[in-house]
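S.K.: Residue numbers (this note's numbering), protein chains in the order written: chain E, 1205 to 1591; chain R, 40 to 357; chain H, 86 to 377.
Incorrect hints may appear among the rest.
[Claimed, not checked] Below, computed lysine to aspartate or glutamate pairings styled on EDC-like, alpha-carbon distance capped at 20 Å:
#: 1; chain 1: E; residue 1: 1533; chain 2: E; residue 2: 1269
#: 2; chain 1: E; residue 1: 1273; chain 2: E; residue 2: 1581
#: 3; chain 1: E; residue 1: 1282; chain 2: R; residue 2: 233
#: 4; chain 1: R; residue 1: 339; chain 2: H; residue 2: 175
#: 5; chain 1: E; residue 1: 1427; chain 2: H; residue 2: 175
#: 6; chain 1: E; residue 1: 1282; chain 2: E; residue 2: 1239
#: 7; chain 1: R; residue 1: 149; chain 2: H; residue 2: 262
#: 8; chain 1: R; residue 1: 172; chain 2: E; residue 2: 1561
#: 9; chain 1: E; residue 1: 1397; chain 2: E; residue 2: 1371
#: 10; chain 1: R; residue 1: 149; chain 2: H; residue 2: 175
#: 11; chain 1: E; residue 1: 1549; chain 2: E; residue 2: 1563
#: 12; chain 1: E; residue 1: 1347; chain 2: E; residue 2: 1543
#: 13; chain 1: E; residue 1: 1549; chain 2: E; residue 2: 1561
#: 14; chain 1: E; residue 1: 1503; chain 2: E; residue 2: 1581
#: 15; chain 1: E; residue 1: 1503; chain 2: E; residue 2: 1269
#: 16; chain 1: E; residue 1: 1533; chain 2: E; residue 2: 1543
#: 17; chain 1: E; residue 1: 1552; chain 2: E; residue 2: 1537
Simulated from the structure, these hints should not be mistaken for lab results.
Predicted, not measured: the structure shown is a model, and the values here were computed from it.
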Amino acid sequence: MANKRAVGRRKVLAGIAATTGLTIWSPRLSAQSGEIAIGAMVPITGPFNVSGQQYHFSLQMAQDEINAKGGVAGKKLKIVFEDVKDSNSVAVNAYLKVVRDINPPLVFLSSYTTQNLATEPEVTKAQIPAMYAGGGDAVHMKKNPWLFRIRPADGIQALALAKHATEGLGKKKIGILFVQNDFGQPGAIAAEKVIKAAGAEVVGMEAYAFTDNDMSAQIQKLKNAGADCFICISYGKDGALILKLVKEMGITIPVVASSGVMVPAARNLIAPDELTNVNGVMDAYLSAERGPEVAAYIKSFKDRFKIDPDPFGSCYYDGAWILKGILDKVGPDRVKIRDALKAVKGYKGITNTFTTDADGNMVHSLAVFGIKPGTRDPVFIRTISAA
Amino acid sequence: MKPGRNHLAVAAAALAFLLALVLPALVSGYGIRILNLALISAIAVIGLNFAFGYAGLITLAQAGFVGCGAYLTAILSTAVGLSPWLSIPAAVVGTGLISVVVGLPMLRLKGHYLALATLGFNVSFVIVATNWKSVMGGTDGISGIPSLALPGLSVATDHRYYYVLWLALAAAAWIAWRIRYSHIGLAMIAVRDDEIATGAASVGVTRIKVQAFALSAIYAGLAGALFAHMTNFVAPEDFALGHSIIYLAMLIIGGEGSILGAIAGAVIVTFMPELMRDLGQAYMIVFGGLMLLILIFLPKGLLSLAGMVGRRLGIAGR
Amino acid sequence: MSQQLVQLIVSGLAVGSVYALVGLAFIMVNEATGVVNFATGQMVAIGCFLSVTTGIQMGLPLAAAYPAALAGMALFGIVFYAVVFRPLQDRPVVTVIIGTVMIGIVIQNSALITWGSVPFRPRSPFGRQVVDVFGAAISAHALFVIAVSFLMIGLLYAFIYRTAIGARMRAVAQDRDAARLMGIGVDRMFVLTWVIAGLLTGTAGILVGPMWFADVNMGDPIALKAFAAIIIGGFSSVPGAIVGGVLVGLAEMLGAAYISSAYKDGLVFLVMILFLLVRPQGIFGERIGQRA
């Protein structure tokens, strides 16, 4: 008996040794001559992998298109992807790894604010320019000269939500429902300011935890406070739950929802009649109606990856093309790339128009949508910009 | 323990420490960061060994105490503006005090009751850190935490910080070893082995448990403070319940009740995800599966494997 | 005002009865086999996703989809018994805790690979019907959740206390060795216990799907609340799990409405810790609470 056990144990240990051994010796990537390698920190696995996939795909597409058109500064562009999962420390480790492996002239950071914040000190130490898509205002408030945001900041989103509820819908008593974290909390405070400045009243601000599944207490509270409109600052699943509950509770006042609720994965969780009174914002108006370039982008994305592109991921496509223009002009010199990124003005991309401000924000507007009755399809209403 | 084997272990440890001294010369920035994280975890796990390995207290609060240390030094060195050389010891003492306040009532519980109570503490810590925006920064955390600096010499780079951590770990391990063979350490082990007997001998079981718990927390506080000054940024996520479970897993995998085991477990478990990056989505499945296999087939941890190999070599040499 | 209260109480009862089911699964396993199962939450998620597979992906009518998902969960209980429980059976409490946490990680990530990270919205047998309860608009599904949970709990109670097999299970829970001497097939009772745990968590998973959507990360938050529920109710008591679950559900809803929506979870855990300190046997615990 004891002997049998020992044999089994040895086999298991040999298996463990083999598994770890294989990966220890996996080769280090390094940039070939004739190639310019840049890094991209993407949530490839883990709970954020759906938004990560969009980002991954749009950069892959940009890389291949750029190489088909002669590459960058006469060399081939190679994007090295590292998985950042859903963890700050994994993101920082991945950043240090890509810096060691390829010593890149630029790195794309993930679209999660805390990961951006956690990586920010390392970016300063490495002195490598980075484009990022986390929305939290805390990132640009660091005023790190190496960081450039290729999406509208959360502050702009909050402003758009508040402006649309007050000016757009003409509502006077607004209840704010927000997810209790770095995205929802500052967003709610920013929206409150704009609403008050517009002469309307905030009848209540209610938080819920990201993992909450039942927000009926908060909704009820806002309704009892006399709200004639809800602003909902949430992600996808939680936002969908809120819209479901609002309908269930027989509440018919309009809801102005943040961009997380408007992405297809979230809209598909919501029945069309639950979307009746819903307006929402998105980073960009990504539609063939906007012109032939956008139409071509949507078509080739869908042909290649079999899914529609969303504006969150597509901003990285724009980022890659901005980088190509800069690399062609100044070459792979980090300081020169940084200075060129600072000087970007009026670049028209697929998602937005990019102009860098003093804090490294490159995008300053976003789009407001309604829902076509009886469907889940968004209908463009207007663009709201920060100025 | 037989004296012969003891000498061998000491020699092996000395060799390992010498190797550790020259390591930074051989490793890149990324590798050294992972190594630094391993050293920090090792300090926390040596601490956990007091409560769990010696006194037999099942605690799922270690990450919470690491968080206490990290946040205390973060707040003291940013908002208050203390030098890290002052804020780190203050954070360690503060974490110890918190653990006594928490531990005094909780340590009357045993087994899974204690596990669930400490779990509740860890969950509550994260809830407070997430919501107490004005002091703890909410989910944005606290950034701009200064790096350690000597007069005329910054230790901001990971390579230099490695030596700070290495010294801290060596000191922590040495102190832990001294405590282990002091009357305090022996009392802890006695509490685990036969609580009723020592209780009857009126050694003050609760006092010993609180001592073990506080020592655990003090080590955790040190680990957290050192972490904060390396990453220059802390956020609630790094101290969530899952990390408490990882610390416990490190100790069990290395070998509970052993300082070397604690260090070995911390190093192995920290490097594992980096070594298996290529597994992608399947990594967590392999990780969980490996841990389960080690629990089932090597209940005394990987260090017992080293012991087995050592014995075999001894036999071969004879 | 009172309409709001009705709304909150019904929501709290629905949430609470789910916690009660999950808490019961935890207690059953702990009492009968001595295993503290930290993978209970992941079992709920698997139950929910099995109903996604049968009800959405295979398109079965719910009358077939639910039993099929439950059969899958019974099987899952047997596999769990063989793969996890057997090897860890006589190990120290902490080994079992870490072991079940690790198996939880394996289950959760396997689910992530199998079903993806995009949530699903399982349909309810009552569709999206809303009924009027004392002037408050209540979803019919919430009432269904309450009814089914209490039906399940009643059936379990009758099974344990009114049948011969139940008596044997109780004998095993009380004294394993004595039960073996009495000729009771202890191992068979263990298998049965894990099957019951699978059915209870499976039911909880099926019920929460239409309310909260199916999400592979749904397990841990539910399990944490269920832990709190059984500590408040009493770690080894069936009525305790019910009362504890309902109390936690109500505390969550009423706490969010009348105290603080941000700190409502903190409140639940604070109450849990207070109970551990002041009355570790919970409201209904009749035994010494502080056993190792």
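S.K.: Quick one, are residue 1282 of chain E and residue 1239 of chain E close enough, alpha carbons at most 20 Å?
M.R.: With a Cα-Cα distance of about 7 Å, the restraint between residue 1282 of chain E and residue 1239 of chain E holds, given a limit of 20 Å.
S.K.: Is the hinted pair residue 172 of chain R and residue 1561 of chain E satisfied, with a Cα-Cα distance of at most 20 Å?
M.R.: It is violated: about 28 Å lies between the C-alpha atoms, which goes past 20 Å.
S.K.: Mind checking the alpha carbons of residue 1427 of chain E and residue 175 of chain H for me, to see if they're no more than 20 Å apart?
M.R.: violated, 55 Å
S.K.: Going straight from one Cα to the other, do residue 1503 of chain E and residue 1269 of chain E come out at no more than 20 Å?
M.R.: Within the cut-off at roughly 14 Å; holds.
S.K.: Please verify whether residue 1282 of chain E and residue 233 of chain R have alpha carbons no more than 20 Å apart.
M.R.: Answer violated: residue 1282 of chain E to residue 233 of chain R is near 63 Å, above 20 Å.
S.K.: Taking only the CA atoms, is the gap from residue 1533 of chain E to residue 1543 of chain E under or equal to 20 Å?
M.R.: holds, 12 Å
S.K.: Is the Cα-Cα distance between residue 1549 of chain E and residue 1561 of chain E 20 Å or less?
M.R.: Distance of about 9 Å is within 20 Å: holds.
S.K.: Can the restraint linking residue 339 of chain R and residue 175 of chain H be considered satisfied, given a maximum Cα separation of 20 Å?
M.R.: holds, 15 Å
S.K.: Holds or violated: residue 1549 of chain E with residue 1563 of chain E, Cα cutoff 20 Å?
M.R.: holds, 14 Å
S.K.: Mind checking the alpha carbons of residue 1552 of chain E and residue 1537 of chain E for me, to see if they're no more than 20 Å apart?
M.R.: violated, 24 Å
S.K.: Quick one, are residue 1533 of chain E and residue 1269 of chain E close enough, alpha carbons at most 20 Å?
M.R.: Cα-Cα ~18 Å, so holds.
S.K.: Has the given pair, residue 1273 of chain E with residue 1581 of chain E, been kept, meaning a C-alpha gap of at most 20 Å?
M.R.: violated, 35 Å
In summary, the numbered hints that this structure violates are 2, 3, 5, 7, 8, 17.
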